[in-house]
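Line order of the protein sequences matches chains R and Z. Position 106 of the first sequence, counting from 1, maps to 134 under our numbering, and the rest follow consecutively. Position 33 of the second sequence, counting from 1, maps to 34 under our numbering, and the rest follow consecutively.
You can take every hint at face value.
As a list, the in silico DSS-like pairs of lysine-lysine whose alpha-carbon atoms are at most 30 Å apart:
1. R/Lys165 / Z/Lys169
2. Z/Lys85 / R/Lys419
3. R/Lys165 / R/Lys245
4. R/Lys303 / Z/Lys79
5. R/Lys303 / Z/Lys7
6. Z/Lys79 / R/Lys427
7. R/Lys165 / R/Lys230
8. Z/Lys79 / R/Lys165
Stretch-level coverage of chain Z by chain R, calculated; a stretch enters the list once three of its residues show a Cβ under 8 Å from a Cβ in chain R:
9. 26 to 34
10. 43 to 50
11. 69 to 79
12. 103 to 117
Calculated directly from the structure, the hints in this document are not laboratory data. Note that the structure is a prediction, hence the values are computed from the model and not measured. The C-beta atom is built at its ideal place from N, Cα and C for all residues, glycine as well.
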Amino acid sequence: MDISVLVLVFSFVLMLMLSVPIAYSIGIATTLTMLFTIASGPAVTTVAQRMATGIDSFALLAIPFFILSGLLMGRGGIARRLIDFAKVIVGMFPGGLAYVNVLACMFFGAISGSAVAATSAIGGFMIPVMNKEGYDKNFNTAITVTASTTGLLIPPSNVLIVYSLASGGVSIAALFIAGYIPGILVGLGLIGIGAGIAIVRKYPVGDRYSILEGLKKFLDAIPSLLLIIIVIGGIIAGIFTATEASAVAVIYSLLLSVIVYREVKIKELSQILLKTVETTAIVMLLIGTSSAMSWILSYENIPQNISSTLLSLTESKILILLMVNLILLIVGTFMDMTPAILIFTPIFLPVVMNLGITPLHFGIMMVLNLCIGLCTPPVGSVLFVGCGIGKTSITAITKSLLPFYVIMILVLLLITYIPWLSLALPEFFGY
Amino acid sequence: MQKFTKFLDKSLANILIFLMAFMVLVVTWQVITRFILREPSSFTEELSRFLLIWIGLLGASYALRTNAHLGIDLLSQKLEGFNKRVLIVLVNILVILFSFFIMVLGGFRLVQLTFTLNQISASMGIKMGYVYLVLPLSGILMIYYSLLSIVETLLTKAGGRIDRSYDKGLV
Numbered sequence: 029m030d031i032s033v034l035v036l037v038f039s040f041v042l043m044l045m046l047s048v049p050i051a052y053s054i055g056i057a058t059t060l061t062m063l064f065t066i067a068s069g070p071a072v073t074t075v076a077q078r079m080a081t082g083i084d085s086f087a088l089l090a091i092p093f094f095i096l097s098g099l100l101m102g103r104g105g106i107a108r109r110l111i112d113f114a115k116v117i118v119g120m121f122p123g124g125l126a127y128v129n130v131l132a133c134m135f136f137g138a139i140s141g142s143a144v145a146a147t148s149a150i151g152g153f154m155i156p157v158m159n160k161e162g163y164d165k166n167f168n169t170a171i172t173v174t175a176s177t178t179g180l181l182i183p184p185s186n187v188l189i190v191y192s193l194a195s196g197g198v199s200i201a202a203l204f205i206a207g208y209i210p211g212i213l214v215g216l217g218l219i220g221i222g223a224g225i226a227i228v229r230k231y232p233v234g235d236r237y238s239i240l241e242g243l244k245k246f247l248d249a250i251p252s253l254l255l256i257i258i259v260i261g262g263i264i265a266g267i268f269t270a271t272e273a274s275a276v277a278v279i280y281s282l283l284l285s286v287i288v289y290r291e292v293k294i295k296e297l298s299q300i301l302l303k304t305v306e307t308t309a310i311v312m313l314l315i316g317t318s319s320a321m322s323w324i325l326s327y328e329n330i331p332q333n334i335s336s337t338l339l340s341l342t343e344s345k346i347l348i349l350l351m352v353n354l355i356l357l358i359v360g361t362f363m364d365m366t367p368a369i370l371i372f373t374p375i376f377l378p379v380v381m382n383l384g385i386t387p388l389h390f391g392i393m394m395v396l397n398l399c400i401g402l403c404t405p406p407v408g409s410v411l412f413v414g415c416g417i418g419k420t421s422i423t424a425i426t427k428s429l430l431p432f433y434v435i436m437i438l439v440l441l442l443i444t445y446i447p448w449l450s451l452a453l454p455e456f457f458g459y
Numbered sequence: 002m003q004k005f006t007k008f009l010d011k012s013l014a015n016i017l018i019f020l021m022a023f024m025v026l027v028v029t030w031q032v033i034t035r036f037i038l039r040e041p042s043s044f045t046e047e048l049s050r051f052l053l054i055w056i057g058l059l060g061a062s063y064a065l066r067t068n069a070h071l072g073i074d075l076l077s078q079k080l081e082g083f084n085k086r087v088l089i090v091l092v093n094i095l096v097i098l099f100s101f102f103i104m105v106l107g108g109f110r111l112v113q114l115t116f117t118l119n120q121i122s123a124s125m126g127i128k129m130g131y132v133y134l135v136l137p138l139s140g141i142l143m144i145y146y147s148l149l150s151i152v153e154t155l156l157t158k159a160g161g162r163i164d165r166s167y168d169k170g171l172v
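So here's chain R without its partners, still in its complex pose (with noise of 0.2 Å):
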């Protein structure tokens, strides 16, 4: 490893352990290291061009109206809607409540593309009722935490666009429709432990509804899940690209939410529109500065020094694997998913591709790995909102969310070792 290596990792640590801006210590430490290997002139001119041209994509667009729409749909009239049909599904088992979280949690997830919003708005509405029936304040906020996250994974899904884009162009919509299965198994999973828990603690039975109450519930659910039909179904028949999907999904909440449901007003759009572009801005600034350092990066053939050392140490695929996933998960305790996924993918992606694992496989499971420490201390920001909206503290919950994390792990490991599980979906699909 020569000098100019040591420089970046060494000034990108110190400045985020500063508490510095992670899109900026990404740029300063890529302007460092720069420094090393071209003239200043240059080089501040070359990452000033990475930070506009980086953002220059048209697939980026999605990301925006995925986030407007969400906003707009993420009101509490469609979580309520969401809960209730949520309630028919599953609510009459023991301890239905629970599932009935895990499952609005599903629903909302995907539809606001927001683990941080599903945890406040199915969270805001269920621990209460929960806590109330006699439920465990701790145990009801961390299944809401770790049920939030399957959002991430089940499409429309703005952190796989942002993977699409530092893969390099693996397909938006394969990732969309690759991210159901392990979604859906992350949610079964919480579901099985959430079960197990609340037999052996006998929480009650919750409501069972007649034939009619159930299916005028399902009506009323109906026109929030036509958003993710149109959005996936448009996207899968080809009739759209994911670009196009999401403005429609803009416009098709617009039309729910203002007209149909009145659950915004017109008054209230600027400043949803505001938010949208200070999200957005947010990763766009991240998007920018980590195109500048990927560039650095393999302008210095650093992916390919850390794929032959780490294939040095072993040639297992089942080892690297596992190591690639411990350091995602140390990684994940600590920083947001979006800075996460552009960092280490252009590191991790060459080695893993290496052994024969694909570029879609590989976004999966990051996601899912890096979902897990949304919930975990010391960072974990879908955490810090589930305790404020479920009124616990992080040390309280810690061992309610033991039991989830496991789960998660686990199905982690089947993601990571049975390829088949992300992949079967898309091809099936043709992608």
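Given the structure of chain R, go ahead and fit chain Z onto it with the hints provided.
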């Protein structure tokens, strides 16, 4: 000073809201022309990409103002009082250095270069220098907001502006 900052905040927010709404319209128009009029419009793809660059980079200065950029805050949460204020000033200085050298200086060089080479966009034929102009513009705003944050930290005893709320970001 306060009046100017308020005016700046408001104008920046309004410009960003306008750009975002405009981008929604442009892409919607593209979908309409492709599916309903069956004559895909040629300039909308390029225009929407350029709008995204402006929204992303200009919005980044707004996100700096609202303290929304993702970071790892373990240290800043541990520190209190004087040490915390030193850290906030240090972080802001690093942001200023990046904004100045890369976004303002590098961005300005890039704008100059593309104007000199007369680079124009493929579809609409506009000068690429105008697209890249957002770099130095946003850099100047970032410097202003970081200086403001330093002044606020030094003047007030609290100075907790580095702490972020956790509902920001994509997840």
